[in-house]
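Place chain B on chain A using the hints.
Protein sequences appear in the order of chains A and B. Numbering-wise (my numbering), the first sequence opens with residue 1 and increments by one. Numbering-wise (my numbering), the second sequence opens with residue 1 and increments by one.
If you are wondering where the hints come from, they were derived from the structure by calculation, not from laboratory data. There could be a bad hint or two in this list.
Straight-line alpha carbon distances no greater than 27 Å define the calculated DSS-like cross-link-like pairs of lysine-lysine that follow [said to hold, decoys possible]:
no.: 1; chain 1: A; residue 1: Lys60; chain 2: A; residue 2: Lys83
no.: 2; chain 1: B; residue 1: Lys100; chain 2: A; residue 2: Lys118
no.: 3; chain 1: A; residue 1: Lys118; chain 2: B; residue 2: Lys5
no.: 4; chain 1: B; residue 1: Lys122; chain 2: A; residue 2: Lys2
no.: 5; chain 1: A; residue 1: Lys118; chain 2: B; residue 2: Lys4
no.: 6; chain 1: B; residue 1: Lys120; chain 2: A; residue 2: Lys108
no.: 7; chain 1: A; residue 1: Lys185; chain 2: B; residue 2: Lys89
no.: 8; chain 1: B; residue 1: Lys100; chain 2: A; residue 2: Lys218
no.: 9; chain 1: A; residue 1: Lys185; chain 2: B; residue 2: Lys50
no.: 10; chain 1: A; residue 1: Lys265; chain 2: B; residue 2: Lys98
no.: 11; chain 1: A; residue 1: Lys265; chain 2: B; residue 2: Lys100
no.: 12; chain 1: A; residue 1: Lys108; chain 2: B; residue 2: Lys89
no.: 13; chain 1: A; residue 1: Lys186; chain 2: B; residue 2: Lys89
no.: 14; chain 1: A; residue 1: Lys185; chain 2: B; residue 2: Lys100
no.: 15; chain 1: A; residue 1: Lys2; chain 2: B; residue 2: Lys100
no.: 16; chain 1: B; residue 1: Lys121; chain 2: A; residue 2: Lys186
no.: 17; chain 1: B; residue 1: Lys98; chain 2: A; residue 2: Lys185
no.: 18; chain 1: A; residue 1: Lys118; chain 2: B; residue 2: Lys120
no.: 19; chain 1: A; residue 1: Lys218; chain 2: A; residue 2: Lys243
no.: 20; chain 1: B; residue 1: Lys122; chain 2: A; residue 2: Lys118
no.: 21; chain 1: B; residue 1: Lys122; chain 2: A; residue 2: Lys186
no.: 22; chain 1: B; residue 1: Lys121; chain 2: A; residue 2: Lys118
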Amino acid sequence: MKRKAISIHSSRGGTGKTLIATNLAAILASRGNNVALLDLDFRAPSLSTVFAKGIQEPIKCWLNDFLNGQCTAEQTMIDVTAKFSLKGRLLIGLANPSVEAIRNIVEKSRAWEVTAVKKIFSLLSSLFNDMNVDCCIFDTSPGVQYSSINAAVSSDVSVIVTSLDTLDLKGTKNILEELYDALAKKTVVLVNKFSPEMRIKSDENQVSFIESVERMLKHPVIGVIPCYCDVLQSERTSLMALKMPNHPFIIKLEEVAERLEDFTKGNLEEELVEK
Amino acid sequence: MAKKKETNSGNLELLLTQLVDELSQVNEKLDSLIALNGEILKIHERFQQKSGAEAIPRIEPHLEPDVISLLSLPASLRKTVMVLYELDKATAEGISRKTKRLRAVESAAANQLARMGYLKKKREGREVYFYIDSSMELKK
Numbered sequence: 001m002k003r004k005a006i007s008i009h010s011s012r013g014g015t016g017k018t019l020i021a022t023n024l025a026a027i028l029a030s031r032g033n034n035v036a037l038l039d040l041d042f043r044a045p046s047l048s049t050v051f052a053k054g055i056q057e058p059i060k061c062w063l064n065d066f067l068n069g070q071c072t073a074e075q076t077m078i079d080v081t082a083k084f085s086l087k088g089r090l091l092i093g094l095a096n097p098s099v100e101a102i103r104n105i106v107e108k109s110r111a112w113e114v115t116a117v118k119k120i121f122s123l124l125s126s127l128f129n130d131m132n133v134d135c136c137i138f139d140t141s142p143g144v145q146y147s148s149i150n151a152a153v154s155s156d157v158s159v160i161v162t163s164l165d166t167l168d169l170k171g172t173k174n175i176l177e178e179l180y181d182a183l184a185k186k187t188v189v190l191v192n193k194f195s196p197e198m199r200i201k202s203d204e205n206q207v208s209f210i211e212s213v214e215r216m217l218k219h220p221v222i223g224v225i226p227c228y229c230d231v232l233q234s235e236r237t238s239l240m241a242l243k244m245p246n247h248p249f250i251i252k253l254e255e256v257a258e259r260l261e262d263f264t265k266g267n268l269e270e271e272l273v274e275k
Numbered sequence: 001m002a003k004k005k006e007t008n009s010g011n012l013e014l015l016l017t018q019l020v021d022e023l024s025q026v027n028e029k030l031d032s033l034i035a036l037n038g039e040i041l042k043i044h045e046r047f048q049q050k051s052g053a054e055a056i057p058r059i060e061p062h063l064e065p066d067v068i069s070l071l072s073l074p075a076s077l078r079k080t081v082m083v084l085y086e087l088d089k090a091t092a093e094g095i096s097r098k099t100k101r102l103r104a105v106e107s108a109a110a111n112q113l114a115r116m117g118y119l120k121k122k123r124e125g126r127e128v129y130f131y132i133d134s135s136m137e138l139k140k
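One chain only, chain A, in its complex shape:
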């Protein structure tokens, strides 16, 4: 995989960003890629819970500390490869979930945010050049938050996760038009939690459905993942892609990973231009 930074974002909470980001990272690492997964959702951090079982020692350097200039990139990234027996490496950078750390982030000035975006670029440079990472995935805060826009600015591709809920679609359209188009970044849409009642019966229907969403949002749709109740109810402290690799949710996400790889290579863009 060509070295790329991918941000996973959505207009509203509860679309499945973290589940998608963690499992996408696991899928890419199990294929032999060296992957870094960063929790940029500083207001509601969750990766520390997801990976709690994979971390042996207490965390000394959070991503918050790295952005504050108190830790190096090497000190911040935690290697969890051995815990999950992956073909490639999986490094994680965690946001501090303590209330004090969240309060501290909320109080940051605009000047600090300028430094933060520059620090994210320097972290990417360390990951790609010194730690041999092939792909960096940012799990971000929903909506228009500094950390999410910082992630969008520093990533090569942004994946906007949306359900077909009217509020989600409206919010997605807004951030695509007012944020992503303004930043002129490569952006794709991933439809998640597609209702079983609306489940697409044939390939032909799927193509026309995707085209209608693309026409509405004016951005390519990289995949449609149905809503699986067992996924919503599953315990979130393990990586589904490794525990249940044959689950239809993971199979769909594998297809998304392939299309993302194509997109980062530019193949999908050509296909979309032809459309």
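Quick look at chain B alone, frame taken from chain A:
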């Protein structure tokens, strides 16, 4: 039909070249005006020092080019700031290598951002470097 298309694209190219040239000229004129203003201020300071009055402190504008402010900037300037997030400092030539736009376009954009207070510029030998001032306290 093909010939007509060729002529149209030729005209467009000519128009764009003229536009870039004119932008460069405007940029040069603005730079001379800024230099002239600096000279006037220096003369004024010397005059005040001689007459015993206190010199007027020079206030340079300083604005934070954070990502939210970025959204309110024109698209042409936004691209330049985004490159400078990644590079510590860069010449107009260095920025143009990243944005794949003409050097003159980047020079005009970076100088405009410097005048607005979003970027700082400094001369090192013959090169002029543009950068984002991150001299504020990190813990703020």
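Within a Cα-Cα threshold of 27 Å, do A:Lys185 and B:Lys50 meet the stated pairing?
Since the Cα atoms of A:Lys185 and B:Lys50 sit roughly 56 Å apart, the hinted pair is violated (cutoff 27 Å).
A:Lys118 paired with B:Lys4 [C-alpha distance capped at 27 Å]
47 Å, violated
Just to be careful, I want the Cα atoms of A:Lys118 and B:Lys5 compared with a cutoff of 27 Å; is the pair within it?
44 Å, violated
For the pair supplied as a hint, A:Lys118 and B:Lys120, is the alpha-carbon distance within the 27 Å limit?
16 Å, holds
Are the Cα atoms of B:Lys100 and A:Lys218 separated by 27 Å or less?
With Cα atoms ~25 Å apart, B:Lys100 and A:Lys218 stay inside 27 Å; holds.
Hint consistency between B:Lys100 and A:Lys118 [alpha-carbon to alpha-carbon, up to 27 Å]:
21 Å, holds
Within 27 Å, alpha carbon to alpha carbon, are B:Lys120 and A:Lys108?
With a Cα-Cα distance of about 23 Å, the restraint between B:Lys120 and A:Lys108 holds, given a limit of 27 Å.
Starting from A:Lys186, check that the Cα of B:Lys89 is at most 27 Å away, please.
With Cα atoms ~25 Å apart, A:Lys186 and B:Lys89 stay inside 27 Å; holds.
Given the hinted pair A:Lys218 and A:Lys243, is their alpha-carbon gap at most 27 Å?
Since the Cα atoms of A:Lys218 and A:Lys243 sit roughly 36 Å apart, the hinted pair is violated (cutoff 27 Å).
Take a quick look at whether A:Lys265 and B:Lys100 sit within 27 Å of each other, Cα to Cα.
19 Å, holds
A:Lys185 paired with B:Lys100 [C-alpha distance capped at 27 Å]:
15 Å, holds
Restraint check for B:Lys122 with A:Lys2, where alpha carbons must lie at most 27 Å apart:
At roughly 36 Å apart (the allowed maximum being 27 Å), A:Lys2 and B:Lys122 break the hint.
Of the numbered hints listed earlier, those contradicted by the structure are 3, 4, 5, 9, 16, 19, 21.
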